[in-house]
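Enquirer: Build the full structure now, drawing on both the sequences and the hints.
2 protein chains.
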Amino acid sequence: MKTIKDKDFLSFSDRDRVRFINSLSGFKSVNLIGTQNLEGKTNLSIISSAFHLGASPALMGFVIRPDSVPRDTLNNLRETKLCTMNHVNEEILERAHQTSARYPEDISEFEACQLTTQYIDEIQAPFVEESKIKFSLELVREQLIPENGTHLIITKIKSVHLLDGCFHEDGRVDIAKAGSISVAGLDTYYTSKEIGRLSYAKPDVDPRWI
Amino acid sequence: MKTIKDKDFLSFSDRDRVRFINSLSGFKSVNLIGTQNLEGKTNLSIISSAFHLGASPALMGFVIRPDSVPRDTLNNLRETKLCTMNHVNEEILERAHQTSARYPEDISEFEACQLTTQYIDEIQAPFVEESKIKFSLELVREQLIPENGTHLIITKIKSVHLLDGCFHEDGRVDIAKAGSISVAGLDTYYTSKEIGRLSYAKPDVDPRWI
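Sequences listed follow chains A and B, in order.
Sequence positions in the first sequence follow this note's numbering and run 4 to 213.
Sequence positions in the second sequence follow this note's numbering and run 4 to 213.
It is worth saying that the hints were derived from the structure and are not from the lab.
Don't take every hint at face value.
If several chains are the same, the list does not tell them apart, and a pair holds so long as it fits within one copy or across any two.
Unchecked claim - Under the rule of at most 25 Å between Cα atoms (straight-line distance), these lysine to any residue pairs were calculated in the SDA-like manner:
1) LYS159 <-> GLU145
2) LYS205 <-> ILE126
3) LYS8 <-> ILE148
4) LYS5 <-> CYS169
5) LYS84 <-> SER16
6) LYS205 <-> PRO107
7) LYS180 <-> ARG74
8) LYS84 <-> THR119
9) LYS161 <-> LEU142
10) LYS159 <-> ILE148
11) LYS44 <-> LYS180
12) LYS205 <-> ASP17
13) LYS161 <-> LEU41
14) LYS5 <-> GLU132
15) LYS161 <-> THR83
Fair warning: this is a prediction, and the values are worked out from it, not measured in the lab.
Expert: Below you can see the structure in the form of structure tokens.
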């Protein structure tokens, strides 16, 4: 076992420390956030910080770091109170990763990275057509984390759009079947292989594979 | 493509809606939170909501749902301002899952689920000996999400303890090598296979595998 204390990783180079700390939470989801401003100018940015906040109401959280992700996402969210979240699959991984480049504000990452805008029903935010699990989110609240200036975004899930055959009648979604990937740290991507499902845990009953 | 609107999933049974909404963010990390009260009584609970909040300072967030995870974790955190986070690996998956059973307050999940407490240096919170990547966290702030009564916990990383050979000199941590797993929805667990690393994205330069 190797021990690395805070005074040790505080002395890492900035890049090494970012790689290190980003690796610690474990495997992370990879999603593209689609937004547009009131004039319809679109934006797309990749995030790995989506987290489940609750099912009733259906809440999703994510983090926007003003120093790394273009502020366009945050500005558009403030203007329209809407965004889309789109799972990244292996087929679009390179293009999705490329949305993290610092494009000028007047460039849409959809065009620059060759991903296709998709509009569903009356939702005034662009989905990624190539994504196989995607949903629209309404802004509930944003909250500044004073320690580092990041913005915690709390949203409500309004509609879900997913590949036929990924949805089970009991509510489960087969995200591996949709080709969804995960990331560790900043840049190392993974596919997933199912181990199995474990039964609902009760005291004095051993968990079993179902 | 199948569309499920909010009025549709609001009409699901509670259990189905929980399964559905929990599946949407994508693959999630699986961690055990170790705490103890001021008398040294230990507690262990499994979470899938850890998220990276920043590298400088090194911040980690997670969510505690008072209706599902024993309140012991939150009470201990309030008392001691300390917890540990321990990656779950395939070897301890069944025991880790079992910590989600509703044990009475006087039962430690360490004992009930046959996981081993480990104390490192002077840190007054129990690690899971069987975990290969673990770290100690100091409470920065807790915040109530008024929409559903969940608690957003913001912590600072104080020390990291990991298997020799998982740490790269450039800061990266090979979490797949440590056997860390991921989860989709409530109960479906996965191992991960590396696709590769992508280079830092710059406008007008195609991403390449490194």
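Enquirer: Determine for every hint whether it applies to the structure shown.
Expert: Against the structure, the hints:
no. : hint              : result
1   : LYS159 <-> GLU145 : both (12 Å within a copy, 21 Å between copies)
2   : LYS205 <-> ILE126 : neither (42 Å within a copy, 31 Å between copies)
3   : LYS8 <-> ILE148   : within (23 Å within a copy, 32 Å between copies)
4   : LYS5 <-> CYS169   : between (41 Å within a copy, 9 Å between copies)
5   : LYS84 <-> SER16   : neither (37 Å within a copy, 29 Å between copies)
6   : LYS205 <-> PRO107 : between (53 Å within a copy, 11 Å between copies)
7   : LYS180 <-> ARG74  : neither (33 Å within a copy, 35 Å between copies)
8   : LYS84 <-> THR119  : within (22 Å within a copy, 47 Å between copies)
9   : LYS161 <-> LEU142 : within (10 Å within a copy, 33 Å between copies)
10  : LYS159 <-> ILE148 : both (20 Å within a copy, 13 Å between copies)
11  : LYS44 <-> LYS180  : neither (32 Å within a copy, 43 Å between copies)
12  : LYS205 <-> ASP17  : between (45 Å within a copy, 19 Å between copies)
13  : LYS161 <-> LEU41  : within (19 Å within a copy, 43 Å between copies)
14  : LYS5 <-> GLU132   : between (44 Å within a copy, 13 Å between copies)
15  : LYS161 <-> THR83  : within (14 Å within a copy, 39 Å between copies)
Going down the numbered hints, you'll see the structure goes against 2, 5, 7, 11, while the others check out.
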